[in-house]
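Q: My numbering applies: residue 315 is where the sequence shown begins, and numbers increase by one.
Hints were generated in silico from the structure; no laboratory data involved. All C-beta atoms, glycine included, are put in the ideal place defined by N, C-alpha and C. Be aware that a few hints might be false.
[As the list claims (entries may be wrong)] Have a look at the derived ranges for each label pair, beta carbon to beta carbon:
| id | residue 1 | residue 2 | range |
| --- | --- | --- | --- |
| 1 | Lys509 | Lys424 | 22 to 30 angstroms |
| 2 | Pro383 | Lys433 | 33 to 41 angstroms |
| 3 | Val536 | Lys444 | 16 to 24 angstroms |
| 4 | Val536 | Phe464 | 36 to 44 angstroms |
| 5 | Pro469 | Arg554 | 41 to 49 angstroms |
| 6 | Val462 | Arg426 | 14 to 22 angstroms |
| 7 | Thr446 | Glu480 | 16 to 24 angstroms |
| 8 | Gly451 | Ser552 | 20 to 28 angstroms |
| 9 | Lys433 | Lys481 | 38 to 46 angstroms |
| 10 | Leu538 | Pro383 | 27 to 35 angstroms |
| 11 | Val420 | Gln555 | 20 to 28 angstroms |
| 12 | Asp455 | Leu538 | 30 to 38 angstroms |
| 13 | Gly431 | Ala550 | 35 to 43 angstroms |
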Amino acid sequence: WAPAIPKDLKTSVTGSLGGSGSGSGSGSGSAKGVSRGGGLKLFGVEVKAKKLGVIVSINNAVQNSGRLPSMFEEIFKLFPDADVILTNGGGMVDWPKALGEFNAKVEERKKREKETGKKEIGPSKMEVPKITRFSSGEAMDWPPVRGVSFAKNYPGLKAKEPALYEKLLRRNNTWFLSSYADANACYKAFDELIKKKVEAIYWYNTFSFPIEGSEAERVAVVILENQIEIIVDDQAGSFRQGKDWIEKVKARTAARGAGS
315 WAPAIPKDLK
325 TSVTGSLGGS
335 GSGSGSGSGS
345 AKGVSRGGGL
355 KLFGVEVKAK
365 KLGVIVSINN
375 AVQNSGRLPS
385 MFEEIFKLFP
395 DADVILTNGG
405 GMVDWPKALG
415 EFNAKVEERK
425 KREKETGKKE
435 IGPSKMEVPK
445 ITRFSSGEAM
455 DWPPVRGVSF
465 AKNYPGLKAK
475 EPALYEKLLR
485 RNNTWFLSSY
495 ADANACYKAF
505 DELIKKKVEA
515 IYWYNTFSFP
525 IEGSEAERVA
535 VVILENQIEI
545 IVDDQAGSFR
555 QGKDWIEKVK
565 ARTAARGAGS
């Protein structure tokens, strides 16, 4: 889809992507000194919200970058009660399309295996993504947490960042989005945070996945209707996909920069 952007709205995916709403949402976080009237700076972006939601991809690349501990330290310093949802990357694509594309990849892999006689490692089934509490036993079987034995340098968050893992595990308001990046189901993370009445959402991700379709459009409408502030932060700093959606929700980019 190609969202309509007002002609007088100045947007850029390298700087400010538009103003933030100033409505009085009903969320009630406990970060001291924060209100809709005057905000704190989170990664260089002023946040007027009192209640923050966080969506962070903890894929292998970002684990190996070493950025996660300092990132969460800054978030929790300003918003100690932030609702956090961990993902394995991904964008927003309607489930039937995402599943169809995944199944097509599986069939292509099987065809190559038959032609070459060589077995290729990869999943053959993709479960419907769901939001689950991070402290549940299910998180231990999630690849970003347990690691992947056949992948190079992918020990998982529990082994790579044990202190951060334990901290997230002890929090009552940390969840994760199951399934693979190919599910492109980050709309479920937004739905969950919006349901919790957050007034701002910080999204740290690799924006190399599509953000399109009816689910993405629906989430954008709800964000605008509720005047939710959106801050986006690209792991690679390139914003290869999703620019139209980012501009539509009037998101602003974090000033940390790639590699920080």
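Q: So which hints don't hold here, by number, going up?
A: 1, 5 and 8
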